[in-house]
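Asker: Here is how the chains run, residue by residue.
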Amino acid sequence: MKILLVLLACVVAFAFADECGTLERLKIKSQWRRAYSHGHDREDFAQAVWRAIFAQVPSARGLFTRVHGEDTKNPAFIAHALRVLGGLDITINLLDQPDALSAELTHLERQHKGRHIPDNYFEAFKTSLLHVLPAQLGRCWDREAWGHCFDLIAHGIEGH
Amino acid sequence: SEFAIRQADTMKSLRLLLAALAVVTAVLADHHEHKVEHHGHEHDHEAQIDKLLERTNKITHSIYDFESQLDARLDPARIRRAGSLKHRVEELEEHHCPQHSHQCGGDDPQCISDLFVCDGHTDCRNGEDEKHCALPTKEGDSFVGDVVYDNCTRRRPEHITVEIESVTIHKYYTASPDIHAHIEIHTDTDEEEAHASLPADGIYTFAHNELYLYPPEDDGLAFLGEFDGYDFDHFDGYIIHELSHKACAHFVFTRKK
Numbered sequence: 001m002k003i004l005l006v007l008l009a010c011v012v013a014f015a016f017a018d019e020c021g022t023l024e025r026l027k028i029k030s031q032w033r034r035a036y037s038h039g040h041d042r043e044d045f046a047q048a049v050w051r052a053i054f055a056q057v058p059s060a061r062g063l064f065t066r067v068h069g070e071d072t073k074n075p076a077f078i079a080h081a082l083r084v085l086g087g088l089d090i091t092i093n094l095l096d097q098p099d100a101l102s103a104e105l106t107h108l109e110r111q112h113k114g115r116h117i118p119d120n121y122f123e124a125f126k127t128s129l130l131h132v133l134p135a136q137l138g139r140c141w142d143r144e145a146w147g148h149c150f151d152l153i154a155h156g157i158e159g160h
Numbered sequence: 001s002e003f004a005i006r007q008a009d010t011m012k013s014l015r016l017l018l019a020a021l022a023v024v025t026a027v028l029a030d031h032h033e034h035k036v037e038h039h040g041h042e043h044d045h046e047a048q049i050d051k052l053l054e055r056t057n058k059i060t061h062s063i064y065d066f067e068s069q070l071d072a073r074l075d076p077a078r079i080r081r082a083g084s085l086k087h088r089v090e091e092l093e094e095h096h097c098p099q100h101s102h103q104c105g106g107d108d109p110q111c112i113s114d115l116f117v118c119d120g121h122t123d124c125r126n127g128e129d130e131k132h133c134a135l136p137t138k139e140g141d142s143f144v145g146d147v148v149y150d151n152c153t154r155r156r157p158e159h160i161t162v163e164i165e166s167v168t169i170h171k172y173y174t175a176s177p178d179i180h181a182h183i184e185i186h187t188d189t190d191e192e193e194a195h196a197s198l199p200a201d202g203i204y205t206f207a208h209n210e211l212y213l214y215p216p217e218d219d220g221l222a223f224l225g226e227f228d229g230y231d232f233d234h235f236d237g238y239i240i241h242e243l244s245h246k247a248c249a250h251f252v253f254t255r256k257k
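Line by line, the protein sequences are chains A and B. Numbered according to UniProt numbering, the first sequence spans residues 1 to 160. Numbered according to UniProt numbering, the second sequence spans residues 1 to 257.
Isolated chain A (complex conformation) (with noise of 0.2 angstroms):
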């Protein structure tokens, strides 16, 4: 039954190269049910995006020093990482759902809001994110459509 998920969700997305369109919705979540994973694995997985994020832009670190952002190992940082991942979580459920959807990243829009935040921190999200999702999922994913997809989300936490 999972390998017919897999394989519906893999089949379906080549039809459409839409704006995360119903189908690439989908797909994002079905694919992002794999890559969050549980546990541990959760825990690693989050670990390597902060860790290319940061790579990135290591000046991102100073946003969060209150929950120990110079180390990613810290309790309290790997804490803060589950809870950014839990939020992501969130939006990409809502994705077939578009009012709850809007609700959610209205709500995350207003905790973000007054943090000034450049745009360019979303970008290193979004990149960090679509090197280490490859990395976690193996074999079928969808670049495109994260692509797609992360951008309405991100955009919808920037407000713009």
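Since the hints were derived computationally from the structure, they do not count as laboratory data. Yeah, the Cβ is synthetic: ideal placement off N, Cα and C, and Gly gets one too. Mixed in with the good hints, there may be bad ones.
[To be verified] Computed footprint of chain A on chain B, listed as stretches where at least three residues anywhere in the stretch have a Cβ under 8 angstroms from a Cβ of chain A:
(1) 55-67
(2) 140-154
(3) 163-177
(4) 236-245
For this one, chain A is given, so just place chain B on it according to the hints.
Answerer: Quick look at chain B alone, frame taken from chain A:
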């Protein structure tokens, strides 16, 4: 590597000793000549000096002999062969680490996430995850594979050539470099002769020493090359169904010199 450092020290002292002997020999030989020129009758001294020279040569020989014995023990090709054998045994054993994780090895076993191998941060207690990070598939490299079995490719070739066109190592995430390759297939049947050059993108994963190329055609057949982690001149290449991960063809690849 501690052993290697000690070894290097031994080598250094041996070389110094050799150099010293060479100087002694040269001085003695020089002295010898002078003696012959000026006092042709000093046979006693000559005999003694000859003896000394002979003895120096013998010592030099023993030192060289000892050095070559050391070299034979440290021969990289031999260490590689032993590693390949170890890898084959490990493949037969039950895996000690959960899926998607890497065994740090050594006397102190530890499992770390695949995502951390060669990412520039030391995660293994013994530092092993950052020690073997030389990419075996460099730009311009070419590997020729001979068929073992083939139940799925369209062309059923005897040989496949994988040519590495470009390699991109991302500074912010070095654990899985992007690879762009060409899969060259030449077929020659009674009816026709054909050549195909399929461009394919993929990634290299240090955690498993694997080269994965996404399906170059729309038949869903991907390419997976597995190095054993020691011998980087050969690898097992599998054609696998992208969705089921089932291998349906196997080729054994050798680096083209």
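Asker: Given that the segment 236-245 of chain B was listed as covered by chain A, double-check it with a C-beta distance under 8 angstroms for 3 or more residues.
Answerer: holds (count 4)
Asker: If you count the residues of the segment 163-177 of chain B with a beta-carbon closer than 8 angstroms to a beta-carbon of chain A, do you get 3 or more?
Answerer: holds (count 6)
Asker: Taking a Cβ-to-Cβ distance below 8 angstroms as contact, does the segment 55-67 of chain B have at least three residues touching chain A?
Answerer: violated (count 0)
Asker: According to a criterion of three or more residues whose C-beta lies within less than 8 angstroms of a C-beta of chain A, is the segment 140-154 of chain B covered?
Answerer: violated (count 0)
Of the numbered hints stated above, those contradicted by the structure are hints 1, 2, listed in ascending order.
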